[in-house]
Amino acid sequence: MNITMSGNITLPSVEEVQEWKKAGVINFLQENKDKLGLDDDDIDIIKKNKVTGPAFLELTQEELLASPYELPGGPAKVISKLIKTINGEGQGGSQEQESLKRHIERVVKEEVGELRREVKKVRYFAEEWLSSSGIDTETEKGRVVLNGRPLDPLNVVAVGEIRKRTSNNFKNANIGHAVTFGEKVLQLQPQQQYVYAVLTDCIIIRIFRIARGDNNRFSYKYMASESLTYNTIEPPNGWKYLVTIMQNSPDQLG
1 MNITMSGNIT
11 LPSVEEVQEW
21 KKAGVINFLQ
31 ENKDKLGLDD
41 DDIDIIKKNK
51 VTGPAFLELT
61 QEELLASPYE
71 LPGGPAKVIS
81 KLIKTINGEG
91 QGGSQEQESL
101 KRHIERVVKE
111 EVGELRREVK
121 KVRYFAEEWL
131 SSSGIDTETE
141 KGRVVLNGRP
151 LDPLNVVAVG
161 EIRKRTSNNF
171 KNANIGHAVT
181 FGEKVLQLQP
191 QQQYVYAVLT
201 DCIIIRIFRI
211 ARGDNNRFSY
221 KYMASESLTY
231 NTIEPPNGWK
241 YLVTIMQNSP
251 DQLG
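If you're matching positions, the sequence shown starts at 1 in full-length UniProt numbering and goes up one per residue.
Keep in mind that a hint or two might mislead.
What the hints assert, rightly or not - Below, a list of computed lysine-lysine pairs in the DSSO-like style, where the Cα atoms sit at most 30 Å apart:
no., residue 1, residue 2
1, 164, 101
2, 81, 101
3, 48, 77
4, 109, 35
5, 48, 22
6, 22, 50
7, 109, 48
8, 84, 47
9, 109, 77
10, 109, 81
11, 35, 22
12, 50, 21
13, 101, 48
14, 35, 50
15, 35, 48
16, 184, 171
17, 22, 33
18, 84, 33
19, 47, 35
20, 101, 171
21, 48, 21
22, 35, 21
23, 101, 35
24, 109, 164
25, 50, 84
26, 33, 21
27, 48, 84
28, 109, 21
29, 22, 81
30, 47, 33
31, 109, 22
Read the hints as simulated data drawn from the structure, not as lab findings.
Can you make the complete structure from the sequences, with help from the hints?
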């Protein structure tokens with residue numbers, strides 16, 4: 001992206017300057033020497049020191065005044081100011097940069113506002129985080145309950161774990177922890193025939209259904225990983241599945 005500074009000099013971006021060889025630096029200074037008020041002698045000093053684009057971006061006024069450059073005060077100040085402007089270190093940057101900054105801030109504010117409005121519409125939320133004394137678990141688990149409903153330890157339909165993924169999926173150990181947690185909760189609830197175990201890193205979600213079988217055995221079903229990424233146009237399946245579990249009674253879920 002190019003920007004324009006006072007004097008009608010079109011400046012290259014930092015990325016462009018970083019790609020310059022020695023000739024690129026000299027060509028730029030030669031093309032704009034009249035607008036910058038530089039003489040050929042000033043530019044020759046830069047040329048003799050074989051300054052490339054990356055080195056040019058790091059030059060300061062103090063360095064330009066000292067050996068081996070020893071530029072006069074005026075040219076040293078002009079070139080150092082030019083470098084600061086390219087690096088975006090001027091007083092507030094260019095008008096284009098400031099305009100872009102304001103635009104980004106406005107867009108972010110609007111998106112955050114929209115997200116907050118959507119969140120307020122959700123009826124379900126994580127009411128509390130706890131470790132049940134009746135279950136031997138390594139980490140705290142979250143119980144998600146309906147807003148305004150009492151937390152009934154003997155009427156749990158879904159349990160969850162938040163785990164960090166190390167690849168595109170969860171480790172088998174993490175899946176095992178979540179399923180085992182569901183099994184133990186189901187053992188404490190003789191009247192329940194099944195329980196859901198939710199495993200998520202808050203980006204994707206996996207849902208497992210642990211059902212009671214014969215002779216103290218369990219049967220298992222699971223869904224493929226689904227996204228929880230926020231989307232106002234088309235909510236991802238991950239949110240749909242999660243809300244469905246929380247919105248319906250055990251009899252409705254079946």
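Each hint, compared with the structure:
1. For the proposed pair residue 164 and residue 101, the alpha carbon gap of about 33 Å is over 30 Å, so the pair is violated.
2. The suggested pairing of residue 81 with residue 101 holds, with an alpha-carbon distance near 22 Å, which does not exceed 30 Å.
3. With a C-alpha separation of about 19 Å, the suggested pairing of residue 48 with residue 77 holds against the 30 Å cut-off.
4. As the CA atoms of residue 109 and residue 35 are separated by approximately 40 Å, the hinted pair breaks the 30 Å bound.
5. A threshold of 30 Å between alpha carbons decides the hint, and for residue 48 with residue 22 the separation of about 10 Å falls inside it, so the pair holds.
6. At most 30 Å may separate the alpha-carbon atoms for a hinted pair to count; residue 22 and residue 50 meet this at roughly 6 Å.
7. Pair hint residue 109 plus residue 48 does not hold up; C-alpha atoms about 50 Å apart against a cutoff of 30 Å.
8. Restraint check: the Cα-Cα separation between residue 84 and residue 47 comes to about 20 Å, which is no more than 30 Å; the hinted pair holds.
9. Distance restraint check for residue 109 and residue 77: the Cα-Cα separation of roughly 39 Å exceeds the 30 Å cut-off, and the hinted pair is therefore not satisfied.
10. A threshold of 30 Å between alpha carbons decides the hint, and for residue 109 with residue 81 the separation of about 33 Å lies outside it, so the pair is violated.
11. At most 30 Å may separate the alpha-carbon atoms for a hinted pair to count; residue 35 and residue 22 meet this at roughly 21 Å.
12. With a C-alpha separation of about 9 Å, the suggested pair residue 50 and residue 21 falls inside the 30 Å cut-off, and the hint holds.
13. As the CA atoms of residue 101 and residue 48 are separated by approximately 39 Å, the hinted pair breaks the 30 Å bound.
14. Of the pairs offered as hints, the one joining residue 35 and residue 50 holds, with about 23 Å between alpha carbons and a cut-off of 30 Å not exceeded.
15. With a C-alpha separation of about 22 Å, the suggested pair residue 35 and residue 48 falls inside the 30 Å cut-off, and the hint holds.
16. Note on residue 184 and residue 171: the hinted pairing holds, with a Cα-Cα distance of about 20 Å set against a maximum of 30 Å.
17. Of the pairs offered as hints, the one joining residue 22 and residue 33 holds, with about 16 Å between alpha carbons and a cut-off of 30 Å not exceeded.
18. Proposed proximity of residue 84 and residue 33 is supported: the alpha carbons are some 17 Å apart, at most 30 Å.
19. A threshold of 30 Å between alpha carbons decides the hint, and for residue 47 with residue 35 the separation of about 19 Å falls inside it, so the pair holds.
20. Of the pairs offered as hints, the one joining residue 101 and residue 171 is violated, with about 41 Å between alpha carbons and a cut-off of 30 Å exceeded.
21. With a C-alpha separation of about 14 Å, the suggested pair residue 48 and residue 21 falls inside the 30 Å cut-off, and the hint holds.
22. This hinted pair checks out: residue 35 and residue 21 have alpha carbons roughly 22 Å apart, not beyond 30 Å.
23. Distance hint between residue 101 and residue 35 is fulfilled; the C-alpha atoms sit about 28 Å from each other, no more than 30 Å.
24. A hinted pair counts as satisfied when its Cα atoms are at most 30 Å apart, and residue 109 with residue 164 qualifies at roughly 29 Å.
25. A threshold of 30 Å between alpha carbons decides the hint, and for residue 50 with residue 84 the separation of about 20 Å falls inside it, so the pair holds.
26. The suggested pairing of residue 33 with residue 21 holds, with an alpha-carbon distance near 19 Å, which does not exceed 30 Å.
27. For the hint pairing residue 48 with residue 84, the CA-to-CA distance comes to about 22 Å; that is within 30 Å, so the pair holds.
28. About 41 Å separates the Cα atoms of residue 109 and residue 21, which puts this hinted pair outside 30 Å; it is violated.
29. About 20 Å separates the Cα atoms of residue 22 and residue 81, which keeps this hinted pair within 30 Å; it holds.
30. Between residue 47 and residue 33 the CA atoms are separated by roughly 14 Å; this keeps the pair inside 30 Å, and the hint holds.
31. Among the hinted pairs, residue 109 with residue 22 is inconsistent with the structure: their alpha-carbon atoms are about 43 Å apart, more than 30 Å.
Checked against the numbered hints given earlier, this structure breaks hints 1, 4, 7, 9, 10, 13, 20, 28, 31; the rest are met.
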